[in-house]
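*Asks:* Here's the letter readout for the chains.
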Amino acid sequence: MTEHAIIMRAVNKYYGAFHALADIDLTVQPGERIVICGPSGSGKSTLIRTINQLEPIESGTIVVDGVELTAGGENVAKVRKDVGMVFQSFNLFPHMTVLENCILAPMKARKVSRAEAEKTARHYLERVKIPEQADKYPAQLSGGQQQRVAIARALCMKPRIMLFDEPTSALDPEMVKEVLDTMIDLAREGMTMLCVTHEMDFARAVADRVIFMDKGRIVEENAPAEFFGNPQNERLRNFLGQIA
Amino acid sequence: MIREFSSADILFIVTAVRWTLILSAIAFAGGAIGGLAIALSRSSQNRVLRRIATGFIQVFQGTPLLMQLFLVYFGLAVVGLPIDPLLAAAVALTLHASAYLGEIWRGAIEAVPSGQSEAATALALGYRDRMRHVILPQAMRIATAPTVGFLVQLIKGTSLASIIGFTELTRAGQIVNNATFQPFLVFGTVAALYFLLCWPLSLLARHLEARMRRALMR
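So the protein lines, in turn, are chains D and P.
Quick note on numbering: the first sequence equals residues 1 to 244 in full-length UniProt numbering.
Quick note on numbering: the second sequence equals residues 1 to 218 in full-length UniProt numbering.
Please keep in mind that the hints were generated in silico from the structure rather than gathered at the bench.
You may find that some hints are simply not true.
[Said to hold, decoys possible] With a Cα cut of at most 16 Å, we get these calculated EDC-like pairs of lysine to aspartate or glutamate:
no. : chain 1 : residue 1 : chain 2 : residue 2
1   : D       : Lys108    : P       : Asp129
2   : D       : Lys81     : P       : Glu118
3   : D       : Lys111    : P       : Asp129
Excised from the complex, chain D in its bound form (with noise of 0.2 Å):
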């Protein structure tokens, strides 16, 4: 039986009486690398927020690493420790240093050592390129190094699945680049990883399969040269035409 890294079978979910995801149906293989886009309101920050049940759904299955979510209790912390997230507005703890970021989720959640976790989170620093800014707070950095912290403390988890939120849409244009360059640069080292963004050029360069999401549920999937070059759906080439 060879493992996926995330099923979902037959997910529904609401907001009151808006469907926000309807009948999603997505398998993702360990390594891949998955963009997902459509409009504002698609689902498709919902789709992947459902990964670690930031939001419940009503009906349905979702099975991360051979645990099914779906059946709650200790499950839910279990693949919380295995799945790191990104957000478009960093979320860093604004109170705590940039490494007393990257140490608490380790140090409580994985009850690893403080040396341990200190030693973990310079590694991570070192790879998001800004280890000299491991004792300064989150307010004295940049939009983009922020966003590089973020990154970081979510690598510091060692997750086997990383979620990205419109990681670059709250940035100023010229730091774009380089929360993107982390992110390729993870996606090159094999980690599985899901991204909501209209980065295209991302999408273009590193992912595997591109995801076009409308009203709740996924209208087109294919690999991105398909995907750009070739789109089957009208709702899709609309939306590719108002982005390009």
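Chain P: place on chain D using the hints.
*Replies:* Frame of chain D, contents of chain P only:
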């Protein structure tokens, strides 16, 4: 028999300040514990806890502190405890402070952006760790100025304990006035002493608020 307002009377009034301070300290400490419980209940996912906390706040914010003092004072006898003015005042003021601090702190907890809790949750931190390391430290900064402001209210509120016969600052004033019948002088002294307690705290609250505003603008 009316006597002069003497230095002994002033000394009597000034030493009564300690009971005002002790009562304020007990009520504030008790209110801090109760208030934290109320604030956490009010902002929790559990509907029953939320309802109980909301009801508690509504009752204690919707009735006069004086009635609460009376009810606790006479209630002590009903449950078979000795009628003791300090105990009654401490219990009533603690409940009162719990309701108000609970509401102030709930506001502070909810003022922490939801992304903070989401990020902590995504990092697999449980409720305790999220609250302790991420949410409450940030809420505390937001709550500091209004909390000090409430402490000022609480200190002044302890004056009501005089009515159930607890000899704190106000009651000491009444006792002296009954013997000297110089109300303007006596209560002027009492008021001045309250002012000396509360004014520095008001300044502190204003200073903290300004610092908070600067921190948010950074």
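*Asks:* Hints first: check each against the structure and report whether it holds.
*Replies:* The hints, checked one at a time:
{"no.": "1", "hint": "D:Lys108 with P:Asp129", "in the structure": "7 Å, holds"}
{"no.": "2", "hint": "D:Lys81 with P:Glu118", "in the structure": "14 Å, holds"}
{"no.": "3", "hint": "D:Lys111 with P:Asp129", "in the structure": "12 Å, holds"}
The structure shown violates none of the earlier numbered hints.
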